[in-house]
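**Student:** These protein sequence lines map, in sequence, to chains A and B. Residue numbers for the first sequence follow this note's numbering, beginning at 955 and rising by one. Residue numbers for the second sequence follow this note's numbering, beginning at 955 and rising by one.
Each hint should be verified, as a subset may be incorrect.
Identical copies go unnamed one by one, so any copy, or any two together, can satisfy a pair.
[Unchecked claim] Cut-off 20 Å, straight-line C-alpha distance, at most; resulting in silico cross-link-like pairs (SDA-like, lysine to any residue): (1) K1001 - R1091; (2) K1132 - I1100; (3) K987 - R1069; (4) K1170 - L977; (5) K1068 - I972; (6) K1163 - D975; (7) K1170 - A1021; (8) K1024 - M1104; (9) K1024 - T1073; (10) K1068 - K1118.
No lab work stands behind these hints, which were simulated from the structure alone.
Protein chains: 2
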Amino acid sequence: MNCSCENCHIQAIFFKSINSDELDEFCGARVEKIIPAGTTFIKQGDKIRSFKYLKEGLIKLHRVDDAGNKQIISFGTPMDFVSIHNIFAEETYSYSVTALETSTVCIFNIDIIKRLIKTNGEFAENLISTKSRASNRILSNSLDLISKSMYGKVASVILFFHEKIYFTMGFDLPISRKEIAEYTGLSIETVIRVISEFRRDGLIKVYGKRIEIIDKDGLMSIYEHS
Amino acid sequence: MNCSCENCHIQAIFFKSINSDELDEFCGARVEKIIPAGTTFIKQGDKIRSFKYLKEGLIKLHRVDDAGNKQIISFGTPMDFVSIHNIFAEETYSYSVTALETSTVCIFNIDIIKRLIKTNGEFAENLISTKSRASNRILSNSLDLISKSMYGKVASVILFFHEKIYFTMGFDLPISRKEIAEYTGLSIETVIRVISEFRRDGLIKVYGKRIEIIDKDGLMSIYEHS
DNA sequence: CGCGGCTTTGATGTTCATCAAGTAAAGTGG
DNA sequence: CCACTTTACTTGATGAACATCAAAGCCGCG
């Protein structure tokens, strides 16, 4: 009955084009769910039964590859469509999704979305754009990481949380060293060593999970020049 | 006037749902173009003006990242929508496209496609599925590569051309050692050394660009166990 | 308390890039 | 057609980047 959440991207896609009957039907089938930090609420291999949207919080997309390696694919912030990468192409999820912070997820009926694509062209177009941007961003990050050294990789993680999530010079890393390793493809020890080196070189201060950026230009320079 | 190319995936998307007026309009605006091997027919940064489909041949998608590194993103075979990754999200291409073999490309009017998405729901749904599968495949390959050693990376390239392109034990590699390096993120010398080692170990025979797979199980095992 | 997981550092070894040098192959201009 | 340059390929020697192994401290939790 209620789609009146502020800042909801679904709204942006909808209100451009949807009529009130469609809106009622769509919102009537919405369920909001609070996910505690650490909970894996989508598991790789699960059948796709609904369309999920991150209203609030922070999540990670991750997977286990054929050889058994754990990998973090990307981090998701509010406005991200959690299900969007697989929902129109596969029967099952090819990745898992875990809340890094307590998160709120909106769950929609998947058939209503699919029907809307067919009946509402503007909605379809907006959805295609949104999906394209989302996958391009992930692929671009992944390609960026491949060509960087361990310094560039670790710097990119610190700068990501600074510039995209917390916006402050000091923040608590929402992920462990091990997760940084899974995201960058480095070993845990290498991640720790690079962080220690950044600390010794005066680029950052470190107190456990707490990071304070001291020399942002220095970090950026390391990030850019690999 | 003519969309009667056999095996054309556009047809599969269209004939499910399109009416004859739409088909005429769409096909009337189609241009077929032969691209000689080696030609870069889409350049990173170019404005997107049309929707391109690979009818025949073999192409590579590649880019230059912020630090100036050349990277090959993926290889495209017939049935691939060359433009699909950017066309609904960006104004310009974020990658270049070069023909590796002489290729035939069908060029469609982009506005007609965009209009069809709005007016034909089934077409929109098919396009979303196709696009999802295409980007998932690329991302999955990219993630696979990150966690593999130099042996697994080179083996994956050889097996890719064997299993996805030529289907025979012997074939001519359509790319140079340097391009293998750009795809895998390894140095040229490392690529050559791994190929030589595979040869010495009796996994493959090598005569310049010509590759013959001798021990496919051995290669597969290297690929799988990184 | 004791256990398991996360973090840190050091020592060591492997993986890989870089530099250097040379051969082969392929285009280029006269 | 041949000298000439350029580009692709190959191998060896060396060193840097990174992983692995080992040991120890820290912390939360049953």
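**Student:** So, for every hint listed, does it hold in this structure?
**Tutor:** Each hint tested on the structure:
1. K1001 - R1091: For K1001 and R1091, only the inter-copy Cα distance (19 Å) is at most 20 Å; the intra-copy one is 25 Å.
2. K1132 - I1100: both (18 Å within a copy, 16 Å between copies)
3. K987 - R1069: neither (24 Å within a copy, 37 Å between copies)
4. K1170 - L977: The answer is neither: 45 Å in one copy and 55 Å across copies each exceed 20 Å.
5. K1068 - I972: both (14 Å within a copy, 18 Å between copies)
6. K1163 - D975: neither (48 Å within a copy, 62 Å between copies)
7. K1170 - A1021: between (37 Å within a copy, 18 Å between copies)
8. K1024 - M1104: Intra 18 Å, inter 19 Å, cutoff 20 Å: intra and inter.
9. K1024 - T1073: Neither. Shortest intra-copy (40 Å) and inter-copy (43 Å) distances fail the 20 Å Cα cut-off.
10. K1068 - K1118: Result: close neither inside a copy nor across copies, 31 Å intra and 31 Å inter.
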